[in-house]
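A.B. asks: Below are the chains, spelled out letter by letter.
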Amino acid sequence: MQTEIIIAGFGGQGVLFGGQLLAYAGLDEGKHVTWIPAYGPEMRGGTANCTAIISDEEIGSPLVRYPAAIIAMNRPSLDKYENQVKPGGLLVVNSSMLDRPVKRTDIRVVEVDAGEVAGKLGDKRMTNMVLLGALLANLPVLPLSAIENALTAHLPERHKRLLPKNFEALREGAKYLLN
Amino acid sequence: MVLENCEIETTVFERPDSLTGTTSHYCPGCTHGIANRLIAEVIDEMGMREKTIGVASVGCSVFIYNYLNMDFVQAPHGRAPAMATGIKRVLPDRMVFTYQGDGDLASIGMAEIVHAAARGENISVFFLNNTNYGMTGGQMAPTSMPGQKTTSSQTGRDVETQGFPIRVSEMFSKLDGASYIVRRSLHDPKHIRMAKKAIRMAFETQVRGLGFSMVELLSICPTNWGISPLNSIKWLEEKMIPYYPLGDYKIHPALAEIKL
Amino acid sequence: MSLELMKGNEAVAEAAVRAGVVSYFGYPITPQTELLEYMSHRMPELGRAFVQAESELGAINMVYGAACTGYRTMTSSSSPGVSLMLEGVSYIAGTELPMVIVNVMRGGPGLGNIAPAQSDYNQMVHGGGHGDYRCIVLAPCSVQESVDLTVLAFDLADKYRSIVVILTDGSIGQMMEACELPPMQPLKTTFADWAVQGCEGRERRFLTSINLDPAAQEEMNYRLLKRWIDVEANEIRCQEYYMEDAEYVVTGFGSSARIALSAVRIARAEGIKVGLIRPITLSPFPRQVYADLSDKIKGMLVVEMNAGQMLEDVLAANRYRTPTDFFARLGGVVPFPDEVLGEIHRMVETPISTDGHPRDRWLARVLAKG
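Protein chains in written order, with my numbering: chain A, -5 to 173; chain B, 691 to 950; chain C, 61 to 430.
Simulated from the structure, these hints should not be mistaken for laboratory data.
Positions of the beta carbon are idealized from the N, C-alpha and C atoms, including for glycine.
Treat the hints with care, since some could be wrong.
[Said to hold, decoys possible] Listed below are the simulated EDC-like cross-link pairs for lysine to aspartate or glutamate, each with C-alpha atoms no more than 16 Å apart in a straight line:
| hint | chain 1 | residue 1 | chain 2 | residue 2 |
| --- | --- | --- | --- | --- |
| 1 | A | Lys80 | C | Asp398 |
| 2 | C | Lys356 | C | Glu304 |
| 3 | B | Lys741 | C | Glu263 |
| 4 | C | Lys358 | C | Asp398 |
| 5 | B | Lys741 | C | Asp398 |
| 6 | C | Lys358 | C | Glu307 |
[As the list claims (entries may be wrong)] Some but not every residue of chain B turned toward chain C, in silico, with C-beta under 7 Å:
| hint | residue |
| --- | --- |
| 7 | Glu735 |
| 8 | Met736 |
| 9 | Asn759 |
| 10 | Ala772 |
| 11 | Gly776 |
| 12 | Glu802 |
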């Protein structure tokens, strides 16, 4: 069993860290994991994405054309990746940053106004956590607690005081449950 | 006169331990041999022969490892300061020096030498400036004088098309990392004695951990200049020294207390 | 067993530290820079040498100097930077010094781009610097293997007085995976009889790559060659997957092999008897593995992220016995497993043509698609 997840958005939205959390959590759960960024020459801005793979066996390619799940954090990411979700796969979108609906009907779509949710919790920078919560609620690849543990272990020390808020963000996101 | 005294042999001049005694390949009249010997004498006097590692460069300086009796490595053209950096960083308690000509140091190796100086790399550099590429047959060097005839500037260096000479010591005097930068000359006994003192000061700078030291040594190249050694010395005095003034370009304050 | 999630570049750096590297000299270049950054804090922390050089030329010559002392030393770079280092690499080979160089390959030629590629195979395996010498070239395909091969690289470098190249790419360098790090090795305290450290209590030594006498140079070249024969006899490494009953073979190194492995697994699940051969040492090349391919193998597919550089070695080793096809993406484009799977399907459905060169046939297919 192998699950591939792409997270895509603007640089600065926590795209890469979100993917790393999945990898850390997967490793803690005893899985094989890879995390690979699509790195560009620019340090800030621009689009960013990364692929995390969580698997029961040794992982071959760290990149896949048709991943099991995608988190699209903005419009360019939706445009780029909507067609790449594996049929039957999961697409989690940050509707706070979108001005169009998702078109595909052969995949499971979770629309989360994650920016608003994070804002209400006190910091828009937790948008990635809200979306991760929504992803994991609908894709039983890892328990939410694994992400919480990974966050506790890997959030930079200076941000540690924000842990409870981040847990809250994950749980708020997890409320966006498809039937 | 007391008779016994006549029977005592007093050695007044001998080969320093730091010289191998190998006959050199330098041309008649060349001052490289003097520079080699001065370095050897200083290393002997400091008792550092067994703790010194030399880095030879490319050019007439290439075979210095045949003449100096200590551990040596041979660098690619221009890269001696980088090699010396590698050695010194791994073995900080050894005395490490490079011996480079003007083509090697001021042309192909300019980046390596400038950055070694800028880093304050704790090495000593002996820089022989004879205003041309000696080993390859007297081509124009970055130090060739305006108007100087060389095999690659046969009507004289034209600064309009071939640019100006580089005054390396003046340039390095502006680098914060450099601690001891002087220019000396090897054209007569007085200046040779001054050169030897400078070589000692360069090594003392290193031994005290004060950082980068360089002695630029104005030298003659009679073979490639196409004039006699005596006329070469005259040319050095009359042409080179006015363009490349002798003197102290940068002296670390901590060196003031050293009296040689 | 304690597993850590690490980026390939950083894992190589930490593995080198634990293998006892005493000095590191480098220059920033994407996608290798994390290695340099890691060393910039890790080496001083341990009282070891780190210098960010003025250029790759500076870096490799600092390594050259450090290698002369007999202590373990290394540098790392990416394709264009490695090109710049090749002068020093040749000199280091000519002086018969051990050292480790990591090449995190990116798209080229020229400045190219910073995406993963494998186009420096020929440069590292078949040449690079001037003169008659060879480097040992190790090609990891994962973060864990990057760690393991880094440790091996230092041992091989010392054992054979050789340059050892760890040939990886932007994908493996940037990727995070779990890895187990080796224990911290003590630093060397005994040194070979060529090491230059000052001549206290012994005859002086000098290290040079000059041999003005051609006969002496020839002697030195023979010595390198004899040493290489030992390397070939003892150090070839290659991994095979699903080869026991294979009727088809896919082969590639590093990232290509990993991507191919995904495709091979899917093909196996479909019932296609396909195996994978992954050379770990590109130099020495596992020629015998390809020479010994069973006559039962109906076709071989060489997959690379370059225009068929390893392909030539595979063909020569196999002596053109096995019908062979080629597939590649170039210039920093990383193939997806489904592309390789498509090639496996094609190989199974249509017998491989033996007309012309596999590269030419591949290019014709690419051009036909437009």
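A.B. asks: Compare the structure with each hint and give your call.
C.D. replies: Quick rundown of the hints versus the structure:
1. A:Lys80 / C:Asp398: holds (13 Å)
2. C:Lys356 / C:Glu304: holds (11 Å)
3. B:Lys741 / C:Glu263: holds (12 Å)
4. C:Lys358 / C:Asp398: violated (21 Å)
5. B:Lys741 / C:Asp398: Given pair B:Lys741, C:Asp398 is violated - Cα atoms ~62 Å apart, limit 16 Å.
6. C:Lys358 / C:Glu307: holds (6 Å)
7. Glu735: violated (17 Å)
8. Met736: violated (13 Å)
9. Asn759: holds (6 Å)
10. Ala772: holds (3 Å)
11. Gly776: holds (3 Å)
12. Glu802: Check passed: Cβ of B:Glu802 comes within 6 Å of chain C, closer than 7 Å.
The earlier numbered hints that this structure contradicts are 4, 5, 7, 8.
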